[in-house]
Amino acid sequence: MSVAPEIAGRDESEASASDTKALPKVQIHGLNFFYGTNQVLRSVTMDVPALKVTALIGPSGCGKTTLLRCMNRMHDLYLGNRYEGSIVVQPDGTDILDASVDPIQVRMRFGMVFQKPNPFPKSIYENVAYGLRLQGMNRRKELDEKVEKALREAALWEEVKSRLHQMAHNLSGGQQQRLCIARAIATDPDVVLFDEPTSALDPIATSKIEELIVELKKRVTVMIVTHNLQQAGRISDMTAFMYLGELIEFGDTNRMFTNPAKPQTEDYISGRFG
Amino acid sequence: MGSSRSASSRRLDQGLESVMVWVLRAGGWASVLVTFGIVITLVKESWPFFQAVPFVRLFTDTMWTPLFSEPQYGIGALLAGTLVTTGVALLVAIPLGTILAIYLSEFAEPQFRDWVKPMLELLSAVPTVVYGYFALLTLTPLLQKIYPDLPQFSMLSAGMIMGIMIVPYVTSLGEDAMRSVPMLLREGAYALGDGKLGVALRVVFPGAFSGLAAAYVLAISRAVGETMIVAIAAGLQPRMTVNPLESAATVTAFIVQVSLGDLPHGSIGYQSIFAAGAVLFLMTLGFNLAGHALRRRFHRAT
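Protein sequences appear in the order of chains V and D. Mapping to the numbering used here: the first sequence position 142 is 142, numbers consecutive. Mapping to the numbering used here: the second sequence position 186 is 186, numbers consecutive.
Where hints are given, some of them may not hold.
Unchecked claim - Chain V stretches covered by chain D per the calculated footprint, using a threshold of three residues with CB under 8 Å from any CB of chain D:
{"no.": "1", "region": "72–78"}
{"no.": "2", "region": "97–107"}
{"no.": "3", "region": "129–136"}
Stated by the list, open to error - Chain V is nowhere near these chain D residues, computed Cβ spacing over 10 Å in every case:
{"no.": "4", "residue": "9"}
{"no.": "5", "residue": "29"}
{"no.": "6", "residue": "32"}
{"no.": "7", "residue": "37"}
{"no.": "8", "residue": "83"}
{"no.": "9", "residue": "95"}
{"no.": "10", "residue": "146"}
{"no.": "11", "residue": "150"}
{"no.": "12", "residue": "222"}
{"no.": "13", "residue": "227"}
{"no.": "14", "residue": "257"}
{"no.": "15", "residue": "261"}
{"no.": "16", "residue": "265"}
{"no.": "17", "residue": "293"}
Simulated from the structure, these hints should not be mistaken for laboratory data. Cβ coordinates follow ideal geometry from the N, Cα and C atoms, glycine included.
Looking at chain V on its own, in the form it has when it is part of the complex (with noise of 0.2 Å):
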């Protein structure tokens, strides 16, 4: 871990020079979430910044991950699941809740990285094409400049230019993590979901994966679920800390961390419980 006082010195300097308030990329408003008839998260308000990093904080089974698959309608797979309330992306408006909605359309805006490196049974090649397929583009030509585009974003490039048609699952699991985020962004979606991307990785792929979500904040706007948080800390511009379903508390990450102004989340950075 000899790398994470160096981003964390970064990123101070990076968090206090963004003080000035950022345009919101998605507005929350009200938003509760049922799975069937016990209520997960209660009026949830809040708005993410554009080209920012906001991460999700709190206690197991407060809620920030349900909220993080609101944002990309995955609760819209399993059965009984139901959503009130709002989440509007700017700048065209789009209430991604709202009935009228092809929650094929949200996903497709919405990148997501997951708990566990997930790549497909295919080749490295075909992992990064596969959201780009998806979105109707086949010309061989067109697909290398982009899988070689998100590649070298997601700092990967270098390690697998000379075997992009062997199976992906060859690769080591930060190497995999890495993969999945440019499997992610390689259809430039406006936000990426990172779900606790680091915590099956080992701690040098872990500041891999931290420094590479610094630098994709200059392209897209990301949300991310930790319950690390000095990684929280380390990487994100805005904080929210949720219990128990509610969002207690959200606002500056340099703010929240050293002058927090509800007691829960005084309570929770200082490790009383959680």
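Given chain V, work out where chain D should sit, using these hints.
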């Protein structure tokens, strides 16, 4: 006192455990011994045959007439029957079985699946003699309405019914393999905006391929070794042909036919069925080894 009792009960546990280990070990060895027994019988009984008939004649002769006064030993005539009926069966069972497996694993409601799967598995519990007469008395007349020149005994009819019989093997194993593909993999594809069919075909199917390959290999072995259906419905005349519209005997049908007759023990005709059996055994062994290799290759990939 308490400690001595627990010590004695521990001794009992250990005694029971070593007995169980021996029982399980014996069970494991039993299957190996039976296999060896079969191999030894096959080799011992077909040995005199290969003393009298040079091995190459199996492949240079063009007819299989070991019971004639001027016998010919072209096993190709029997293998053709086996391979054609197996081929027809696989053309039915692999597409049908795979589609059913995909449907049951990815699309069917859980209640429906729990109801259909046992029904389907019942198909493989039907006695093969029933299948054989079903092919001969029901399917063949139906096929003759479409193609009037179809003979009473045909490899097409027997092969199709054999295909129906092995559909449950493919479906059951295939569905298990597809359901064991992790949900995380499916979610990865959904998150990119794929639909249900796309996820099933592009992610779940390749992810389950090692299990599906095992299912296909089992189906092949089952079809190659199937006896009653082909003996009843495909005909008993060895014929070197690849046309499924003709009748022909398979290796297994020949073995049944000869063993039901009154050939003297030790005659060359009697020994020929062991030679045919040995060839069949080598074939299934080959398929199984190929299946294993295929499985290992894809297993590493997933």
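Okay, the hints, checked on the actual structure:
{"no.": "1", "hint": "72–78", "in the structure": "holds (count 3)"}
{"no.": "2", "hint": "97–107", "in the structure": "holds (count 3)"}
{"no.": "3", "hint": "129–136", "in the structure": "holds (count 4)"}
{"no.": "4", "hint": "9", "in the structure": "holds (41 Å)"}
{"no.": "5", "hint": "29", "in the structure": "holds (36 Å)"}
{"no.": "6", "hint": "32", "in the structure": "holds (34 Å)"}
{"no.": "7", "hint": "37", "in the structure": "holds (41 Å)"}
{"no.": "8", "hint": "83", "in the structure": "holds (32 Å)"}
{"no.": "9", "hint": "95", "in the structure": "holds (21 Å)"}
{"no.": "10", "hint": "146", "in the structure": "holds (41 Å)"}
{"no.": "11", "hint": "150", "in the structure": "holds (43 Å)"}
{"no.": "12", "hint": "222", "in the structure": "holds (27 Å)"}
{"no.": "13", "hint": "227", "in the structure": "holds (38 Å)"}
{"no.": "14", "hint": "257", "in the structure": "holds (47 Å)"}
{"no.": "15", "hint": "261", "in the structure": "holds (53 Å)"}
{"no.": "16", "hint": "265", "in the structure": "holds (55 Å)"}
{"no.": "17", "hint": "293", "in the structure": "holds (17 Å)"}
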